[in-house]
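Asker: Sequence:
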Amino acid sequence: MTRSRYQFGLSLLAGFFLLATLFAILLYLFIPETPVTRGPILLAAFVAIFLGCLLCLLFLLRRLLRPYRQLVGEAEKASLTAPASHSLDEGEFVLETFQSVVAQLQKQREVLEELRSEASKRAVSAERFSERIVASVPSALIAFDGNGRSIVINEPGRALLEVDAGALGQPAGTLLQNLPQLAQMVQQCLESGTLFRREEIEVVISDRPPRRLGATIAPINISPEQNERGALCLLTDITEVTQLREQVALKKNLESLGEMSAGLAHEFKNAIAALHGYVQLLQNLELDEKGAGVAASLLGEVRNLSEMVTSFLNFARPQPLQLEEVDVNKLIAECAGELRQLFTQLRVELVITGTVNTGTAGVPPAAAAAVIHADERMLRQALLNLIRNAAEAIPDSQTNRRVEVSTSTARDQAGKEWARIEIKDTGEGIAPADLQRIFIPFFTTKTSGHGVGLALAHRVITQHGGTLTAANSKDGGAVFTVCLPA
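Numbered according to the numbering used here, the sequence shown spans residues 5 to 490.
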């Protein structure tokens, strides 16, 4: 490998020799032509220049070759091939090493490119898998970043909030403006990392009925490098579960009340029968006009009390259902016929809409009959109580005197089909404090009545596996909604 060094040194020496000769020629041209002086001067100048160049060569050669030696040393350290043969000079060795390094770098680049491609494919696959998971979650799923802006909203979440895909990026306060309680919990989770589990909140969105949601809000680490904390919100509609839970509790309470009260009601009925007999004996006596009036009033009160006890016994002793196919549309039409005289007396208009086929004027024909399995006699009594109660709830001072009965069918989230009956009046509505007590036996806001009709209707509907709810309409008046499994 030292051959290249010798070649380099000889090249420099030849260069210096040529340089000294050039200077000697220049001196020869500019020195006067005196043979005596020209020869010695030229020789002295040539020798001096040559020696000076030789000294410079010796001084600079080491400095000039230092980077070259370092390059050769680094090439020997970084050599990725077998040790170079002695036949190769240092330049060839450096070139061969450089080519080997370039080839190795090219292989490493290809390996890195393959790894990058595989990592990219895995990232895309993981992202698609995450998207499929989010899309397959049946509950509403909403994620927020550290600034409180939405970054993920799945399809159930958009349906619940009634927003489209453009809602991404909205702040939590704007996105959840109809759910202030939920927005407050999300903000608290973002600020302090508070975890909320199975919180129940009530929401009202647009004109839809109030819904009960189960909310779980958990902090998530969005960016570990920047220590950014977000929030993941999972919402599940538990309205049906809550209603079922309340119905089961009410049913147990009513069953306990019925078992306890049945015996008392029986004893009351015996006592009332005795009172009825004594009053009839009084009427057989010769009484003056005043006494006869008192006896007649007493007999009326005894009969009224007997009817109340009979109604309570019917409520307290639920009879087993005799299930048969019942056409809801036809049943409502028959109930309307039975109550026609009452509606005429009260000057109330009865309007039936939906899929009901009554064959009467002003009622649209049915597209298809809503047939369910129910006890026709008991369901008839429940609907009669509800429609009658709607008519009696309209005060005499009301000018718009109207009761609407509409029917439809709907499917719940589980795909189960329900027959829906809605009875709406134009009365004064139900006081908010009374909505929770409207179906309790003997609770009534009317001056007349026993407070058993709505309780009996509620028991009959729940006994059929359905639901009966009461609410106030936004247009005024009360709305009773019956849902029965179809």
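Keep in mind the hints are simulated off the structure, nothing from the lab. A quick note: this is a predicted structure, and the numbers were derived from the prediction, not measured. All C-beta atoms, glycine included, are put in the ideal place defined by N, C-alpha and C. Please note that a few of the clues may not be correct.
As the list claims (entries may be wrong) - Here are the simulated DSBU-like cross-link-like pairs (lysine-lysine), alpha carbons at most 35 Å apart as the crow flies:
hint, residue 1, residue 2
1, Lys420, Lys294
2, Lys420, Lys256
3, Lys478, Lys420
4, Lys111, Lys125
5, Lys334, Lys478
6, Lys256, Lys478
7, Lys334, Lys256
8, Lys294, Lys273
9, Lys256, Lys273
Stated by the list, open to error - Each pair of labels, with its calculated beta carbon distance range:
hint, residue 1, residue 2, range
10, Leu238, Arg351, 27 to 33 Å
11, Val128, Ile155, 14 to 20 Å
12, Ala222, Lys420, 58 to 64 Å
13, Ser401, Ala300, 28 to 34 Å
14, Ala222, Arg249, 33 to 39 Å
15, Lys294, Arg249, 54 to 60 Å
16, Ala222, Pro175, 18 to 24 Å
17, His280, Thr403, 40 to 46 Å
18, Pro184, Ser477, 36 to 42 Å
19, Thr413, Ser477, 19 to 25 Å
20, Leu199, Pro489, 34 to 40 Å
Asker: Hints first: check each against the structure and report whether it holds.
Answerer: Hints, verified against the model:
no.: 1; hint: Lys420 / Lys294; verdict: violated, 64 Å
no.: 2; hint: Lys420 / Lys256; verdict: holds, 25 Å
no.: 3; hint: Lys478 / Lys420; verdict: holds, 28 Å
no.: 4; hint: Lys111 / Lys125; verdict: holds, 21 Å
no.: 5; hint: Lys334 / Lys478; verdict: holds, 29 Å
no.: 6; hint: Lys256 / Lys478; verdict: holds, 33 Å
no.: 7; hint: Lys334 / Lys256; verdict: holds, 33 Å
no.: 8; hint: Lys294 / Lys273; verdict: holds, 28 Å
no.: 9; hint: Lys256 / Lys273; verdict: holds, 25 Å
no.: 10; hint: Leu238 / Arg351: 27 to 33 Å; verdict: violated, 53 Å
no.: 11; hint: Val128 / Ile155: 14 to 20 Å; verdict: holds, 18 Å
no.: 12; hint: Ala222 / Lys420: 58 to 64 Å; verdict: violated, 31 Å
no.: 13; hint: Ser401 / Ala300: 28 to 34 Å; verdict: holds, 32 Å
no.: 14; hint: Ala222 / Arg249: 33 to 39 Å; verdict: violated, 25 Å
no.: 15; hint: Lys294 / Arg249: 54 to 60 Å; verdict: holds, 57 Å
no.: 16; hint: Ala222 / Pro175: 18 to 24 Å; verdict: holds, 19 Å
no.: 17; hint: His280 / Thr403: 40 to 46 Å; verdict: holds, 43 Å
no.: 18; hint: Pro184 / Ser477: 36 to 42 Å; verdict: violated, 24 Å
no.: 19; hint: Thr413 / Ser477: 19 to 25 Å; verdict: holds, 21 Å
no.: 20; hint: Leu199 / Pro489: 34 to 40 Å; verdict: holds, 38 Å
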